[in-house]
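Enquirer: Chains as they are written, first to last, in my numbering: chain A, 159 to 637; chain B, 3 to 459; chain C, 64 to 690; chain D, 57 to 225; chain E, 220 to 325.
No lab work stands behind these hints, which were simulated from the structure alone.
Heads up, the beta-carbon is just placed ideally off N, CA and C, and yes, glycines get one too.
Accuracy of the hints is not assured; some may be wrong.
To be verified - Covered stretches of chain E (chain C as the covering partner; in silico rule of three or more C-beta atoms under 8 Å from a C-beta of chain C):
| # | region |
| --- | --- |
| 1 | 239-251 |
| 2 | 310-324 |
To be verified - No farther apart than 27 Å at their CA atoms in a straight line, the calculated lysine-lysine pairs in the DSS-like style are these:
| # | chain 1 | residue 1 | chain 2 | residue 2 |
| --- | --- | --- | --- | --- |
| 3 | C | K662 | D | K143 |
| 4 | B | K419 | B | K336 |
| 5 | C | K130 | A | K617 |
Single-letter residue listing:
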Amino acid sequence: MNVSFILILLLFGTFATYLAGDKFAKTVALFFSLASVAGSIFILNQHNAGIDESFMINWISNPNIYIALKVDGLSLAMLLLTTVLTSLILFSSFGNNYNNSKSFYALVLFMSFAMVGTFLSADAFLYYIFWELALIPIYFIALIWGNGDADERKRAIVKFFIYTLAGSLFMLVAFIYLFQKAGSLLIGDLYAIRLTENEQFWIFAAFFLAYAIKIPIFPFHTWQANTYQMSPSVGTMLLSGIMLKMGLYSVIRWQLPIAPLAAKTYMDIFILLSVIGVVYGSIVALKQRNLKKLLAYSSLAHVGLIAAGAYSLSFDGLRGAVLQMIAHGFVVVGLFFAAEIIERRFQTQEISEMGGIRIQDNKFASMFMIVMLASVALPSTFNFIGEFTLLYSLYNVNIWFAVIAGTTIILGAVYMLKMFQHVMLGEQTDKVFKGITIQESVVFVIIIAVLLFFGLYPKPINDLITPALQDIVTKINKL
Amino acid sequence: MNTLIAISGLGILSLLAEIFNGRKAIVPITIIGLLAILGYNISPYNHLGTFYNNMMFVDKFSVAFTSLFIVVTIFLIALSHEFYKEQATKISDYVAIKVFLLAGAVAMVSFGNLSMFFLGIEVLSISLYVLAASNRLNLRSNEAGMKYFLMGSFASGIILFGICLLYGATGSFDLMNMYQITHSVNYPQWYYIGIIFLVIGMLFKIATVPFHFWAPDVYEGSPALTTATMSTLAKIVAMAALYKISILLIPTQTYSFQMIIVCVAIASMIVGNIMALRQNNVKRMFAFSGISHAGFMLMVLLILNNSAGVLLYYATAYAVAGIAFFAVVLYVTKGKDNETIDLFNGFGKTHPLLAAVLTASLLSMAGIPILSGFFAKFFLLNQVLLSGWTVLVIVAIISSIISVGYYFKIILAMYTKDSEKDLPNNIPFIYQVVAILALVINIGLGLYPSIVYNLLG
Amino acid sequence: MEKNLALVLLLAPLCGFLFNVFLGKKAGKGIVGIVGTLSILVSFVASMYFFSLIQSTGKPFQVDLFKWITLEKFNVNFSFLLDQLSVLWLMFVTGIGTLIHMYSISYMHDDENMHKFFAYLNLFVFFMITLVMGGNLLILFIGWEGVGLCSYLLIGFWYKNQDYNDAAKKAFIMNRVGDLGLLIGLFILGYLFNTLDYATLKTAILSNSDILSNPLVGIAALCLFIGATGKSAQIPLYTWLPDAMAGPTPVSALIHAATMVTAGIFMVTRMHFVFDLAPYVQDVIAVIGAATAILAASIGLVQNDIKKVLAYSTVSQLGLMFLALGFGAYEVAVFHVITHAFFKACLFLGSGSVIHGLHGEQDMRNMGGLRKAMPITFWTMMISTLAISGIFPLSGFWSKDEILMTAFHGNIVLWVVGSIASIMTAFYMFRLMYLTFFGEFRGTEEQKHHLHESPSLITIPLIILAILAAIGGLISLPGNSWLNHYLAPLLSKGEHAAHHLGTTEYVLMAVATVGALLGIGLAYSKYIKNGEVPPQDSEIKGIAKTLYNKYYVDEAYETLFVNPIYRLSHFFRNYFEVFFSEVVFAFGKIANAIAIQGKSIQNGNIGLYLFAFVLGVSSILIYLFLV
Amino acid sequence: MSLLTIFYILSAITIATAFLTIISKNPIHSAIYLVISFFSIAGHYLLFNAQFLALVHIIVYAGAIMVLFLFTIMLMNLNKEDEPHKKLATKLAAAVSFGLVCFVMLAVFIKAMPIIDTYKQTGQDFQSIKVLGKVLLNEYMVPFEFASVLLLVAMIGAVLLSKKEKSIQ
Amino acid sequence: MQNILQQIGIENYIYLSVILFCIGIFGVLYRRNAIIMFMSIEIMLNAVNLLFVAFSTFHQDAQGQVFVFFSMAVAAAEVAVGLAILVSIFRNLSSIDIDNLKNLKG
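With the hints as constraints, model all of the structure from the sequences given.
Expert: Structural data, given as structure tokens:
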């Protein structure tokens with residue numbers, strides 16, 4: 159068994175879910191997604207035992223394209239993140255009833271399939287295919303099962319789709335160009351080619367466009383808030399929890415090692431943009447009236463920091479980025495799930511229409527608060543480790559980057575606490591908040607457990623990703 | 003060579019079937035016949051080489067494209083039976099015309115002599131004029147036929163003029179002779195003028211800017227199945243023929259010639275895609291989309307390696323997507339006065355399967371991976387970039403982005419709007435079969451692109 | 064064995080927390096209180112053990128658990144350090160913690176969320192222990208933020224009231240401002256020395272003489288100090304502390320008087336080797352300390368809320384401690400921390416007892432004459448008040464005196480400022496006492512009817528703390544200081560270790576005592592002799608009004624920082640976001656506009672089509688053959 | 057009268073009548089002019105000694121095609137000058153493009169024209185009926201047959217476009 | 220027999236043919252009467268035919284003339300189909316003015 163098995167499993171699961179019919183779709187989907195978790199863990203064990211589970215066959219002989227799936231610490235970490243989060247997200251949606259749920263869950267699994275593929279691909283062409291494939295299901299999920307005014311939603315979702323697609327097409331051009339230089343699109347061959355500075359600049363710029371939109375980095379973020387708001391929660395979680403990480407992962411895996419010279423030359427600009435995103439996202443989040451939009455802007459701030467760390471090109475920056483990617487994945491899923499729980503009961507996303515929930519359901523309030531605190535990077539949560547490492551790496555570039563990006567610590571607390579205060583605290587309103595179900599709390603418990611465990615003992619993940627990142631750092635510094 | 007004869011014979015056979023009251027059997031017989039011809043065409047019995055004093059010149063290129071044309075025609079004829087249900091008395095005519103059209107198409111890619119080429123293009127064009135105007139009680143169809151006819155014969159005149167100049171320069175219509183002359187002896191400059199006229203005529207046939215104006219009007223006015231024929235079969239035939247001409251008859255591509263191609267390609271991609279944005283009629287939208295695809299295919303002329311493979315793949319991908327698209331459109335627009343996008347409202351809920359097929363084919367044309375349209379664009383842009391036309395690639399990318407806008411208009415209509423009227427849910431079996439088959443081919447081509455791509459390598 | 068005990072010391076409060084969170088509601092209020100208190104008591108006992116251990120061996124004891132954060136150049140471990148300083152701190156944290164837990168059993172008995180209260184308190188103690196015990200700056204940072212969180216939770220304990228929530232939020236956010244400074248300081252130290260462990264850091268700094276010339280060290284020290292100003296409520300980040308009085312009184316006693324707010328002093332003392340390298344930062348600390356002392360004391364003069372007075376008093380006292388730190392007199396600051404913990408905890412608990420007795424009344428204008436109804440409360444508070452005012456021989460006298468002496472030797476201006484602050488302290492503390500316990504009762508009849516002494520669970524801690532407040536000074540008597548001796552191995556700088564008791568010192572003591580008596584006298588003449596009662600809010604005029612409104616600092620912050628940021632947020636949301644969004648849409652709109660224009664060209668006129676055709680042919684021919 | 061003179065006269069007639077065909081308001085007149093033009097072209101053919109072609113040309117064009125035109129004109133009763141007044145812009149555009157295209161093409165050819173002093177003269181017969189027949193039915197047999205397909209398509213098409221729909225029974 | 224082009228010159232035929240061709244183009248552009256437009260197209264085709272014959276003589280080669288036959292066949296076929304379309308338009312519209320055919324646009 160090698161890693162392609164997980165992809166096959168998920169693809170098969172997609173069809174099985176669709177065929178299972180509306181009634182059993184979610185169960186089947188969850189089953190397959192759990193199976194993929196099991197598979198990933200198996201692969202993890204194999205990897206730790208020193209067995210390489212990579213997979214490679216020739217797909218198209220001319221042009222020379224392979225189906226190459228690479229298992230190293232980095233991709234494995236992302237694989238685990240994707241499969242675990244997908245399971246969580248699927249499980250979290252059990253409280254909802256979607257019409258035509260067989261299509262819905264099939265799309266979710268398909269998206270998981272595509273994202274796993276993106277993380278595993280070691281051939282740029284394959285990678286690009288998965289990258290684009292991931293866009294299709296989320297488009298439909300957001301479009302069909304989304305909420306809000308239909309016309310506005312359409313506008314937002316189409317913008318999201320075209321915008322992200324536009325960015326990635328330029329990446330495709332860059333890959334084509336690289337293909338002509340290297341004669342193959344295998345990642346190893348791409349790493350090996352030596353490009354002139356000018357070439358690197360354009361390649362880097364093309365990649366940047368794709369990733370900056372996906373991540374998103376200021377000022378390419380305008381699709382984000384509306385899309386998050388309009389999508390159904392499952393879609394929002396998939397988008398913010400995993401899909402954004404595709405962009406960040408790609409920066410580390412593809413952009414930096416392929417064009418290290420450009421990355422170094424223009425490092426300050428990219429870090430600056432990312433850091434501006436951090437501050438800007440935080441400030442805009444202060445005055446949001448819509449809960450999901452607020453969370454979206456907070457996400458903008460957080461991923462800005464991750465991107466800044468990645469662009470710092472240091473080992474610490476990359477490591478921090480990966481750690482924070484995982485941490486942010488869990489946290490943001492938790493936060494959006496909290497928003498979803500409230501929405502299930504109050505049928506609103508407007509913060510002004512909430513309040514007084516803690517009185518009615520203390521358990522939920524506590525869990526929400528823990529996740530929220532993790533999101534503001536309270537020490538002993540996983541996010542702190544990521545944020546600390548990232549800020550430290552930024553400090554090593556320039557103290558002012560660290561200071562400016564560090565304001566997220568303050569501003570994050572401001573908007574999060576403000577939100578929490580108005581959403582959860584205060585006198586009981588006339589709205590009845592039904593206590594959260596066991597199923598809902600299970601999701602939270604898992605998230606909190608992950609966040610706290612790795613917050614105190616991040617060694618397993620660290621050991622997993624370190625060799626792979628070392629490899630990449632060597633590639634970046636090859637010149 | 004025998005393929006052409008067989009196809010012509012099949013056309014006559016379908017005419018005869020009407021006489022012998024075998025109306026119901028026409029479509030099946032024709033399809034079986036075409037399948038047999040297809041089998042023969044790709045079998046080793048179909049010898050490569052030149053035939054009848056170089057009138058026919060059969061090589062891998064022509065065999066591959068002939069097969070593609072036959073496949074597309076099979077689909078189109080399969081759709082005919084249902085489409086012409088109301089005018090059953092005329093079905094043999096329609097089928098025969100389509101088969102003859104195929105014969106013309108085959109002549110256009112396997113000609114060894116410009117006379118065959120000219121006759122081929124005329125058979126093709128005249129068939130299309132007839133088909134465009136075939137709904138003779140409908141003024142829109144009349145108008146389409148008239149416009150197509152006027153402009154088409156105008157273009158034919160130009161093509162003829164070009165051929166004449168080629169003849170004047172070389173004294174021969176034979177490709178081999180001309181090839182030898184242009185590669186060895188001095189010859190008058192008329193030759194180039196002739197080539198340009200010929201190319202312009204073909205640019206008209208594939209509908210590139212600024213010779214594209216007919217396409218939207220004609221596509222819109224023609225009966226839907228004719229639109230399907232024009233946009234899928236006719237376009238790729240003309241493109242293949244143009245490719246063959248430019249490979250065999252142009253001794254060296256001068257920079258200025260390449261510039262012309264570049265400009266036309268860019269203009270087509272941009273104009274086609276931008277104009278399609280505001281279209282409300284799916285056929286018209288498809289026409290503009292076709293214009294942009296023509297611009298894409300035109301870039302093949304600038305490619306140095308394996309350009310035939312790229313063209314074949316692109317043409318196949320485009321045709322298959324078009325067939326699937328039209329199979330659905332035929333069903334949706336059946337019995338309607340027009341073909342506005344509103345007709346698709348709520349289609350995703352009422353007909354999930356067909357909606358999925360339509361979505362997939364639109365995605366394919368937009369160039370979304372795993373569907374063949376993506377690979378087509380990838381192969382094409384890869385080669386274009388290799389040939390050094392970076393600007394062209396950038397424009398192609400930008401126009402691809404624009405194209406997503408209108409392809410998704412249909413998808414949006416299908417999935418986000420509610421249908422006002424109930425469509426009859428008795429989807430004709432044959433439409434479903436064609437749509438799904440086309441989609442399967444589409445995906446298959448995406449999974450195993452080398453099958454087609456390396457066929458001519 | 065020691066390692067396990069250290070873990071017990073650390074984890075006992077955590078266990079208490081977990082128990083109270085998960086089982087507290089079911090277990091009932093009695094069990095909750097007992098478990099909460101016992102878990103702290105266990106820690107206290109363990110601390111005692113370590114205290115005796117270190118006392119005897121003099122060697123610090125380090126526990127390394129596992130690798131926590133991995134960085135390229137160095138790792139940060141989960142390690143704990145038990146040395147003189149941390150054990151000392153642990154002692155009074157857990158000790159006073161135990162007393163306050165005990166007190167809370169009675170005080171919070173009527174609250175429906177008592178189990179949560181105890182859970183939070185336990186959690187606080189856990190984080191405080193983490194802060195103190197941490198073997199490196201990052202572990203300290205866990206505790207540092209953790210106590211901030213608990214403070215947030217406890218200030219906003221009555222979360223139905225949004226004003227309290229605002230106060231809690233404010234506390235958390237202001238602390239975070241400081242935390243950012245601390246983090247940056249950490250980064251600089253990590254960057255310079257590739258470690259965050261105290262021990263390694265110290266050796267690295269002391270062994271590296273080049274480091275003196277590196278300006279980064281000074282910046283690091285400044286950043287650390289910014290962190291301290293947040294936690295220890297110094298200018299400019301002090302405004303949260305008075306607001307923090309929104310929380311239940313035991314919380315104010317434990318967190319906002321005795322323990323958490325001294326974390327800044329702890330940290331500065333811990334990192335003294337860094338501060339010693341940056342004299343100008345020390346000057347800044349001293350000035351800020353003195354300024355805070357006088358500013359807070361002056362505000363405290365006119366406050367009417369009994370807890371607010373104490374809160375400003377705390378800020379003022381903390382300012383004095385920083386004054387000492389600024390002169391490098393760490394052990395003096397520590398001494399004052401300890402004595403202050405005793406008498407301030409006692410005062411807060413006493414005020415809590417008063418408030419308890421008056422069913423929530425906090426305004427001193429509605430009190431008076433409680434001396435008879437609540438004798439134990441009165442006497443314990445009286446002792447503490449005398450202590451804080453610096454009356455011989457109570458603990459406050461010794462510690463404050465040492466600070467002022469240090470200041471006198473360092474900078475005469477700061478000494479004057481500190482002395483004035485002390486006089487003010489004496490004045491407002493006695494103002495508090497007089498208004499609360501003397502004169503006639505000014506509350507409602509119903510309150511008067513219910514006046515009673517608090518139950519023993521409340522009074523016992525009061526008594527213990529009062530005793531400690533009285534005799535606490537013994538640990539560091541001038542000339543023969545046990546404390547200085549105890550801390551000597553850690554601070555390792557001889558100059559402050561022994562004060563020579565000369566004439567100057569005696570004169571200074573006398574001046575301080577006279578000052579304190581002056582303050583007391585003023586208060587006496589104003590509130591007892593003249594029987595004045597502070598005017599109602601609307602009638603406050605002149606300087607008093609400025610003071611009463613805390614120099615309008617909150618308003619200034621609001622105008623300078625909060626509002627601009629919100630306006631910016633508004634601006635970004637309404638303009639920037641729209642702009643960027645529209646830029647993206649603009650591409651689509653341009654394309655659409657072109658398409659609409661294009662549609663009018665495609666007008667159905669075949670003549671036009673042919674015309675375009677011919678033009679196309681002509682231009683191609685011209686380009687190819689005529690140009 | 058030299059051949060050149062004849063050529064010029066014939067050319068003048070050809071061009072003039074072609075022009076008149078286009079600008080005549082009455083379709084019948086146009087048709088008549090066109091016939092004259094065709095005849096003059098046949099004259100050119102005769103000048104080349106291509107008798108057979110000239111004959112065929114007259115039969116096909118003047119005989120068949122023009123008769124078809126005339127029939128249609130009669131059928132539609134178009135022998136009136138009922139064409140509405142065209143817009144100036146249309147006229148101008150037509151004139152401009154005519155001038156442009158004429159100028160361009162002539163310029164192109166003048167530029168491209170090689171100087172030919174002696175023309176090829178093999179002396180062999182290449183345009184008698186016999187030779188043409190041989191070429192047509194030997195070398196060009198396939199196109200010849202294929203042309204029949206073309207005509208068949210045109211025939212079916214014409215029928216299809218004019219046939220009245222019968223009921224399915 | 221002498222080559223006739225020796226006296227007249229191939230260029231003259233080319234010019235004549237080009238002018239004729241352009242007149243055809245002009246006619247298509249200038250007129251709105253469909254029948255006249257057809258006629259213009261016939262003029263264009265005839266211009267080419269003439270050139271074919273001229274080139275045929277130029278090369279002393281029969282193929283050019285043979286091609287004229289095909290060209291005639293095409294012309295005939297086109298006219299037949301074109302007129303059929305025209306007739307059906309006329310039936311619907313009672314007019315053959317091309318300017319009336321503007322329903323398809325945009």
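Enquirer: Identify every previously stated hint that the structure contradicts and give their numbers, smallest first.
Expert: Of the numbered hints, all hold.
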